[in-house]
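Chains as they are written, first to last, in our numbering: chain G, 4 to 552; chain P, 19 to 368; chain S, 218 to 555.
Just so you know, these hints were derived from the structure itself, not from any lab.
The beta-carbon is built from N, C-alpha and C at its ideal position, and this holds for glycine as well.
Do not rely on the hints blindly, as some may be mistaken.
Some but not every residue of chain G turned toward chain S, in silico, with C-beta under 7 Å [unchecked claim]:
| hint | residue |
| --- | --- |
| 1 | 55 |
| 2 | 72 |
| 3 | 133 |
| 4 | 140 |
| 5 | 159 |
| 6 | 238 |
| 7 | 251 |
| 8 | 252 |
| 9 | 253 |
| 10 | 380 |
| 11 | 383 |
| 12 | 503 |
| 13 | 518 |
Quick list of simulated restraints, FRET-style, between CB atoms [as the list claims (entries may be wrong)]:
| hint | chain 1 | residue 1 | chain 2 | residue 2 | range |
| --- | --- | --- | --- | --- | --- |
| 14 | G | 544 | P | 281 | 35 to 45 Å |
| 15 | G | 331 | S | 399 | 45 to 55 Å |
| 16 | G | 55 | S | 400 | 31 to 41 Å |
| 17 | S | 267 | G | 331 | 46 to 56 Å |
| 18 | S | 352 | G | 73 | 33 to 43 Å |
| 19 | S | 497 | G | 544 | 40 to 50 Å |
| 20 | G | 537 | P | 151 | 49 to 59 Å |
| 21 | G | 544 | P | 29 | 34 to 44 Å |
| 22 | G | 110 | S | 370 | 54 to 64 Å |
| 23 | G | 375 | S | 259 | 25 to 35 Å |
Residues from chain G that keep clear of chain S, each with C-beta distances beyond 10 Å, as calculated [unchecked claim]:
| hint | residue |
| --- | --- |
| 24 | 79 |
| 25 | 151 |
| 26 | 376 |
| 27 | 498 |
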Amino acid sequence: MATAPPFQPELHAAALAPRRLRGRGRGVSWHLVALAIATPALAVLLVIAAALLQPDAEVWAHLSAHVLPRASWNTLWLVLGVGLGVSVLGTGLAAVVALCEFPGRAFFAWALLLPLAVPAYVLATVYIGLFDYAGPFQSLLREHVPGVSAIEVRNRWGAMAVLILTLYPYVYLVVRNALASQGARLMEVARLMGHPPAQAFRRAALPLALPWIGGGTLLAMMETLADFGAVAAFNYDTLTTAIYRTWYGLFSVSGALQIAAVLLLFVLALLALEQRARSGQRFVSLGAAPVLRRRLAPRGAWIATLTCTLVWVLAFALPVGQLLLWAAREVDGLDRRYWLLAANSLQLALGAALLLPALALALSWAQRRAPTAAMSWLARLATLGYAMPGALLAVAFFAAAGLVLHGMPGLTGMLRGSIVLLLVAYTVRFLAVAATPVNGAALRLKPSVEEAARNLGVSGLRLFLKVHLPLLRGGVLTAALLVFVDVMKEMPITLMTRPFGWDTLAVRIFEFTTEGQWQRAALPALAIVAVGLLPTYWLHRGSEHATLS
Amino acid sequence: MQLCLEGVCAAYDGAPVLDQLSFEIPAGAIGCLLGASGSGKTTALRIIAGLEPVGAGRVVVGSRVLTDSTGRVPPEHRGIGMVFQDFALLPHLSVLDNVRFGLHRMPATSRESRARDVLAAVGLAALTDRHPHQLSGGQQQRVALARALAPRPSLLLLDEPFSSLDLELRESLGQALRDLLLAEGTTALLVTHSQHEAFALADLVGVLDQGRLRQWDTAYNLYHRPADRMVADFVGEGAFLRGERRADGTIVTELGEFAASNPGAAGPVEVLLRPDDLVHDDTSGLRARVRHKVFRGGEMLYTLTLASGAEVLALVPSHHDHPIGADVGVRPDLAHVIAFAAPSAAPAFA
Amino acid sequence: MRTLSRLCCCVTALLLLAACGGKADDAQLVVYTARAEHLIQPLLLRYTEETGIPIRFVTDKAGPLLARLAAEGEATQADVLITVDAGNLWQATQQDLLAPIESATLEANVPAHLRDPENRWFGLSLRARAIVYSTERVDPDQLSTYAGLADARWDNRLCLRTSKEVYNQSLVATMIASRGESAAEAIVRGWVDNLAAPPFASDTQVIEAIAAGQCDVGLVNTYYVGRLQRQQPDLPVALFWSDQGSGERGVHVNVSGAGVTRHSPRPAAARAFIEWLSAGEAQQLFASLNLEYPVNPQVELDPLVAAWGTFRADDIHLSTAGEFQAAAVRLMDRAGYH
């Protein structure tokens, strides 16, 4: 790592405020670092852009007349609905857990993260199985309530509900940490200024948490844009399902890429929104003393406990219970291979969980050191992949890798047989997941701490390792966990890019579900959830600790 | 309004934090709880603010019981202002909006003028549109103060208000704060670990030690008539000189005989000797050797060794400059002779 | 910090280790398969047992597999492509991903309409898309043809799987080929009008909806019924063989099939493997693993499958399913069949 230009004392503590560079050459090297990280994503975007240059006019005419209006409208509804849902649910739960004391709080603080480990397609399938007309819920209803009419769950609202229940932890996690570290103190201030609790939350804690709410919601919305499994289970047509239909049904890859371009418009709109939210994100110093949570009155405490229980049951206990029931019938399918599959999944997820936060850190660091327009574009482009449907990304990535590796048969052969390509592909897909919490944590780095360290003669790599990394610990841990569970659940990229023999638990789920055998898929699905539990717990502990320290 | 704590007890995770805390601050006066970190002073403040419950006892402001062991008035209904140690400014609001934040019960028309008035009083009239992160530490502190004062609280609480500020700022802000509080007629309680802050600001000071209030008194009395050895040790500089208390109350030390100001049993004692209790007098027959000296501008603080080997402090006009190792003449000049029973049973100097 | 550097070392080592994995080998076969692992692996193991040739394989959906083959080009290690649905096989030939196979064995074992006219792919198992109906509420005499399901009699009684599923796309494609586009569109619009519930994501859900009483008739691949019947033998649904009258085309069938990749490093071994799959026990196993019908008429049916009775299959050449698939998708889009 190059020695960075000396820090200048500044009144503006906004850590990422533009700073003139003293050494031009260092700026260049930081740009190179960012470019290297963004290269795979850029290559993929180039492949997509290149496909746009040869548009399939006939397919496009059909799509724009019969497919895109409906798919765009549906997508808009879904993204906005999920965005609203996760921000309200995630923030509400985070506030209750971070600011209040009620029976079961310690359990829920952790348990409300668990739905992270449940893939959206699993929840969707379980819900349709349980709540659709033929499912036990409505069957019982018909049995006991004569004349009750059919309730259609396979629609917009069903898809929205399932995605909200799987994606709210993105908001919950970051907002809880932000509120726990600073929000409680500001709540006290507001109350001492004569504002009752609800008003104190709205006027003091909520504005503080807004940037984090925005960041988490953006992640959830991007994931919603890219989701195929859950919306396909609900047969709810979005731009992503239209991409697959155009590709697999109309055999038109260029048509699919054209829809992807429309999808990118959605993403850019979201990014613009997030940019606005982030501009309000200011440096906030951490309160020194841990603040006591407000003990709720019995009625409030009951409501809090019940709400948390309800969300936890709906988003976690119910689907896992159903999977357990299914898996119990298939338990003879549990053979030695599962260990292998789990080991593969684990290895990939761990590899990505180490690699991606590191890259996100480097990117965040490069932005801090050389805050130019080009740099922020590089950072933006490097994280676009999160909103792209995985399979499309996989195809584009494969094509891009083919181009880059063309004429290097030796290297190609070596890479083909290794998981390096897979990790690079995960980088394109999931860097956004790592970047959001890391950047959030970087915002809270006081320049004064860095100045103090430099003053003591600590700089460069040592400064980073001794000072910044420990301070960024919470953000890095969050990034690692989110990447870990996302990679565990990831299907299309793993399917297409994995070397021979690198079957994972998600691949196993694919094998069964592709033939509609959901009950048999329960075992690997449970395994994914189980493997995700431990890191979720670690993360919870780590972030709670990082909050207090 | 008058603040009164009566037998307040609090525990945290089973460990007692406050033990029978009782004191009273008359309306318009400034009180201070002085204690080391962990003494329970911040907990006391938070209890008064309504942020934490009590195990026993009660908190009364004016004639209103705000907290007792059965319950408490919520913080937002207490009319108590608080300045936090870390200022806790709302980062998303401008300086003016931070101050206006607590004025929502005022008529809308007078909110802004009140906020501007208070900001002017703390000398920040020019910075109303800034955001907290654009301010220096001293400026942030003043915003926090203005914010707490703006709603005209019946009581103002200050948690280590100057701990993050440099010494010079402390002194100037301290004086300004005292003037402001007096002008507003606000009763105030601050907690601090710094006796300078306590003495500079407070009319009444209490020394808190492991949750127990050792003494609640004026600064003068704390300094010159400490209730026990802990207070004497904690407040101000000084040395303890061994001696013997006779049955008639006379105390014999190597510096001479004195009439004790406080009662006590006969036997070996230690006499509190403040630096200003020992006067430099070249004509005196009592000699002491200079062991260490600190230049304090107008005065010099000497650490002296007496013939017995005991160390004492003496504050001397700084033009009396003696080298280390020199013998100087000293003369005791005690207005109050405070003696505590000596901690060990070793025979004292007679 | 030592932990961090140690961690970095571990990761690097891990990556290097992984990088030394794959290497080309002549005495083996590489298979890309869109047929799920549990439906194909027993056969691959059997083949290795019998011939000593190890087989490595990856599974994925047909679309990504074709894209992968195309991207790999001449560098591909794949010898054999196995995929479900004639449409996908046809698409593979359109992208020139499959090489012709000269094999008298295959030509003898696989009927002409179930293989590529230029012998670039051969069907290996047959799946029939039949009408499924409620035995409680439907008199099978009222059932006749796929087109008949557009009849007003079935208003609010029909359940269909989503048109995103290739099985429905192939069915409509052959309808376009045999009846013309406008007639096919009228039928599809009639289906959409008769729907009792929005289209389902899977055939299994269609059958369950019929059993639960949400609707009375549907269109499904027979093996889905077979699977459910294995778990619940008294399920109140039955299969009806559509279009059996004289002058009618017969039950719509589709295949899963295989071909040798254009750039296969081992084309002879690949051909031998596909030949092996087309006959004898392998052919029987291939079909019965998924309760399908063997393409080879000499091979016996699984007993459960045989119990459904015999039917006359549509003998339209399956490559037409691929040719008209895009037209079928567009038609269904227009008709509001989502």
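Hints versus structure:
1. 55: violated, 17 Å
2. 72: Residue 72/G check fails; min Cβ-Cβ to chain S is 11 Å, beyond 7 Å.
3. 133: Residue 133/G check fails; min Cβ-Cβ to chain S is 12 Å, beyond 7 Å.
4. 140: Interface hint status for residue 140/G: violated (12 Å vs cutoff 7 Å).
5. 159: violated, 11 Å
6. 238: holds, 5 Å
7. 251: holds, 5 Å
8. 252: holds, 4 Å
9. 253: holds, 5 Å
10. 380: Violated - the Cβ of residue 380/G stays beyond 7 Å from chain S, reaching only about 28 Å at its closest.
11. 383: Result: violated, 27 Å to nearest chain S Cβ.
12. 503: holds, 5 Å
13. 518: holds, 5 Å
14. 544/G <-> 281/P: 35 to 45 Å: Since residue 544/G and residue 281/P have Cβ atoms about 57 Å apart, the given range 35 to 45 Å is violated.
15. 331/G <-> 399/S: 45 to 55 Å: Given about 52 Å between the Cβ atoms, the range holds.
16. 55/G <-> 400/S: 31 to 41 Å: holds, 37 Å
17. 267/S <-> 331/G: 46 to 56 Å: violated, 36 Å
18. 352/S <-> 73/G: 33 to 43 Å: holds, 37 Å
19. 497/S <-> 544/G: 40 to 50 Å: violated, 59 Å
20. 537/G <-> 151/P: 49 to 59 Å: Violated, at about 39 Å.
21. 544/G <-> 29/P: 34 to 44 Å: violated, 27 Å
22. 110/G <-> 370/S: 54 to 64 Å: The hint (54 to 64 Å, Cβ to Cβ) holds, given that residue 110/G and residue 370/S are roughly 57 Å apart.
23. 375/G <-> 259/S: 25 to 35 Å: For residue 259/S against residue 375/G, whose Cβ atoms are near 59 Å apart, the range 25 to 35 Å is violated.
24. 79: Non-interface label stands for residue 79/G: nearest chain S Cβ at 17 Å, farther than 10 Å.
25. 151: holds, 13 Å
26. 376: It holds; residue 376/G is separated from chain S by about 32 Å at its closest Cβ, greater than 10 Å.
27. 498: At about 4 Å from chain S, residue 498/G fails to clear the 10 Å cut-off, so the statement is violated.
The structure is inconsistent with the numbered hints 1, 2, 3, 4, 5, 10, 11, 14, 17, 19, 20, 21, 23, 27, although it conforms to all the rest.
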